[in-house]
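**Q** Sequence:
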Amino acid sequence: MAEKLEVKELDQVVVRFSGDSGDGMQLAGNIFSTVSATVGNGISTFPDYPADIRAPQGSLTGVSGFQVHIGAGKVYTPGDKCDVLVAMNAAALKTQYRYAKPGATIIIDTDSFGPKDLEKAQFKTEDYLGEMGIDPDRVIQCPLTTMVKDCLADTGMDMKAMMKCRNMFALGLVCWLFDRDLDLVANFLKDKFAKKPAIAEANIKVIQAGYDYGHNTHSSTVNVYRVESKHKEPGRYMDITGNKATAYGFIAAAEKAGLRLYLGSYPITPATDVLHELSKHKSCGVITVQCEDEIAGCSSALGASFAGALGVTSTSGPGICLKSEAMNLAVIMELPLVVLDVQRGGPATGLPTKSEQTDLLQALFGRNGESPMPVMAATSPTDCFDAAYQACKIALEHMTPVVLLTDAFVANGSGAFKLPEMDKLDPINPPYVPEELKGKWTPYMRAENGTRYWAVPGREGFTHILGGLEKDSNTGAISTNPENHDLMTRLRQQKIANIQVPDLEVDGDADADLLIVGFGSTYGHLHSAMDELRQKGYKVAQAHFKYLNPLPKNTADILNKYNKVVVAEQNMGQLAAYLRMKVDGFVPYQFNQVKGQPFVVEELVNAFTEIINKK
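First residue of the sequence shown: 11, per the numbering used here; consecutive thereafter.
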């Protein structure tokens, strides 16, 4: 009789899938995170892939990784290090083992550790485990490639097609290790390969084989773990990436405002998925145009806005440089426009697949003349929906271009997303020109809050001309009058200052010895660092910025309340410099890294502990 398998319950666990770029690690990780979100786990993911289009197979530079953190409750980060590492070849083990915790379970494909594989991975001996100091008892050594071939031998698939299923065998092993329901995985694959049912069935067969291999071979030597959901709020959930959530936020805002959504974009990593996603939703009235360059993308979106649509353009840092002239045009024409900047490593081409927060000052000030515009930053993959929706609301209700900052970390990462109810979303009310002004209206007449009225071309009695030259405040005609230009500059500035944004909230200890400040995508890592410090007995609080221009009204009060404040950001101090400019007498400590990788919570804890203990 088989020995009964012991199932241990955990609060959280981190799994990292790694292999060649063609090994399907992103898909395997996505399926595992989707299944985990479906059963109610909190999740946070981190796809980590090279910039090479396709590095040589088995090379150290071509390794692609996907890390997923699942928890019984809310999960804030993908985790510093993993409890389980899947290494599909020697190069993956060599480069990714540094992300594994001491005592982590390692799953390897022994068929990909031959002499040539070891040579490519720069191992010096055939004892690769001993060379890396890995205890063999922690390693599930599986002839994965051979077993996939045997599993699919009777399907008639060619060798290339069979090899594409290797990732599913590894996924089956992980599903066994964490007691996952394979029916959920099968349903995912049947949906994904609905037009190729034979491919779906082959993958399902391989997943089952991987699951059975784990159960039959290691049931008496390796524990199976379960992470139960403890705080699932009722509702419909999905595993969603930041880019998809951003796209959905744009669609929801257009629907709420009763407008067509237009996206003018030029493909650029890591923002392209927003264009891909929105192009699937023509049934929702979405118009997408892949333009010839970044300038055309932004200009066409501005044209759509002039015509009465919700104009959106998407890009990364290099594209913002090119869009700046058209963004300036939106400022002086006072038209709604949302500019999505999915930040990546720079400067120039820099690190296209890596993440930074280095576009903040460009978003705030990177244009000629006095050209104020609201700037926001999403705090997580799921928050991208709300951030995109609110960016559209501000743009439409205040007749202004808005910059929405995300980055590669939140854009490609994912979380468990509760589908919102449209009737519970904030209303969006554009300031259309009142009918009673017919015949008396000029283009720069303003509502009480300083926002220019919006007249859509074609509306009888409201014919007008807009353009890049300064206009007279009263008549709308071109004007070079010094006093008028000074007035218009101040009106545009005051309009942005009048925008009401939520107050800055503080989590943690009210009498904290240290306030941790950040913006955008670092929220989860900084929150986790705060939690760990409080568990150690320190008094710590966190204030995190989502709205950067205008700043929350209580910003100065919050920042000046604490004796020690540290501003942590993935740049060389842009937020700290901006806050020093805006808040009199504010001199914070700084924690700055520009590595193209997310913060490591352990490093944050150590750095913040030093600041707290400084006399």
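Worth flagging that the hints you see were computed from the coordinates, not collected in a lab.
All values reported here derive from a predicted model rather than from experimental measurement.
Note that the Cβ used here is the ideal one computed from N, Cα and C, for glycine as well.
A few of these clues could be false.
[Claimed, not checked] Below, a list of computed lysine-lysine pairs in the DSSO-like style, where the Cα atoms sit at most 27 angstroms apart:
hint	residue 1	residue 2
1	LYS170	LYS134
2	LYS202	LYS126
3	LYS200	LYS174
4	LYS170	LYS130
5	LYS200	LYS215
6	LYS104	LYS84
7	LYS428	LYS448
8	LYS130	LYS91
9	LYS290	LYS91
10	LYS126	LYS84
11	LYS266	LYS205
12	LYS428	LYS292
13	LYS202	LYS428
14	LYS104	LYS170
15	LYS571	LYS546
16	LYS91	LYS549
17	LYS625	LYS574
18	LYS170	LYS215
19	LYS174	LYS159
20	LYS130	LYS104
21	LYS159	LYS91
22	LYS624	LYS546
23	LYS84	LYS624
24	LYS571	LYS605
[Said to hold, decoys possible] Distance windows between CB atoms, simulated:
hint	residue 1	residue 2	range
25	LYS546	ALA208	28 to 38 angstroms
26	PRO467	ASP193	52 to 62 angstroms
27	THR227	GLU141	34 to 44 angstroms
28	ASP193	PRO357	41 to 51 angstroms
29	ASP517	ASP168	22 to 32 angstroms
30	GLU136	ILE622	44 to 54 angstroms
**Q** Does each hint hold? Answer for all of them.
**A** Hint check results:
Of the pairs offered as hints, the one joining LYS170 and LYS134 is violated, with about 30 angstroms between alpha carbons and a cut-off of 27 angstroms exceeded. Taking the CA atoms of LYS202 and LYS126, the gap is near 35 angstroms; set against the 27 angstroms cutoff, the hint is violated. Distance restraint check for LYS200 and LYS174: the Cα-Cα separation of roughly 16 angstroms lies within the 27 angstroms cut-off, and the hinted pair is therefore satisfied. Simply put, LYS170 and LYS130 have alpha-carbon atoms about 21 angstroms apart, close enough for the 27 angstroms limit, and the pair holds.
Distance hint between LYS200 and LYS215 is fulfilled; the C-alpha atoms sit about 12 angstroms from each other, no more than 27 angstroms. For the proposed pair LYS104 and LYS84, the alpha carbon gap of about 32 angstroms is over 27 angstroms, so the pair is violated. Among the hinted pairs, LYS428 with LYS448 is inconsistent with the structure: their alpha-carbon atoms are about 45 angstroms apart, more than 27 angstroms. Proximity of LYS130 to LYS91 is assessed by CA-CA distance (about 25 angstroms); at most 27 angstroms being required, the pair is judged to hold.
Distance restraint check for LYS290 and LYS91: the Cα-Cα separation of roughly 36 angstroms exceeds the 27 angstroms cut-off, and the hinted pair is therefore not satisfied. Between LYS126 and LYS84, the direct Cα distance comes to roughly 44 angstroms. Violation of the 27 angstroms bound is thereby established for this hinted pair. Note on LYS266 and LYS205: the hinted pairing is violated, with a Cα-Cα distance of about 34 angstroms set against a maximum of 27 angstroms. For the hint linking LYS428 to LYS292, the alpha-carbon distance of about 23 angstroms falls within 27 angstroms, and the restraint holds.
Restraint check for LYS202 and LYS428: the C-alpha separation of about 21 angstroms stays at or below 27 angstroms, so the hint holds. Our distance criterion of 27 angstroms between C-alpha atoms is met by LYS104 and LYS170, whose separation comes to about 25 angstroms. Pair hint LYS571 plus LYS546 holds up; C-alpha atoms about 23 angstroms apart against a cutoff of 27 angstroms. At most 27 angstroms may separate the alpha-carbon atoms for a hinted pair to count; LYS91 and LYS549 meet this at roughly 26 angstroms.
Of the pairs offered as hints, the one joining LYS625 and LYS574 holds, with about 11 angstroms between alpha carbons and a cut-off of 27 angstroms not exceeded. Taking the CA atoms of LYS170 and LYS215, the gap is about 17 angstroms. The hint holds against a cut of 27 angstroms. A C-alpha spacing of about 11 angstroms is found between LYS174 and LYS159, which places the hinted pair at or below 27 angstroms, so the restraint holds. Restraint check for LYS130 and LYS104: satisfied, since their Cα atoms lie roughly 10 angstroms apart, inside the 27 angstroms limit.
Annotation: proposed proximity of LYS159 to LYS91 is violated, straight-line Cα distance about 32 angstroms (limit 27 angstroms). A hinted pair counts as satisfied when its Cα atoms are at most 27 angstroms apart, and LYS624 with LYS546 qualifies at roughly 17 angstroms. Of the pairs offered as hints, the one joining LYS84 and LYS624 is violated, with about 32 angstroms between alpha carbons and a cut-off of 27 angstroms exceeded. Among the hinted pairs, LYS571 with LYS605 is inconsistent with the structure: their alpha-carbon atoms are about 32 angstroms apart, more than 27 angstroms.
Here the CB-CB span from LYS546 to ALA208 is close to 55 angstroms, at odds with the stated 28 to 38 angstroms. In this structure the hint that PRO467 and ASP193 lie 52 to 62 angstroms apart at CB holds, the actual value being about 54 angstroms. Under the hint 34 to 44 angstroms, the C-beta atoms of THR227 and GLU141, about 25 angstroms apart, miss the expected range. Taken as a hint, the range 41 to 51 angstroms holds for the pair ASP193 and PRO357, whose Cβ atoms sit roughly 49 angstroms apart.
About 55 angstroms separates the C-beta atoms of ASP517 and ASP168, a value inconsistent with the hinted range of 22 to 32 angstroms. The hint said 44 to 54 angstroms for the Cβ distance between GLU136 and ILE622, and at roughly 49 angstroms that hint holds.
Of the numbered hints listed earlier, those contradicted by the structure are 1, 2, 6, 7, 9, 10, 11, 21, 23, 24, 25, 27, 29.
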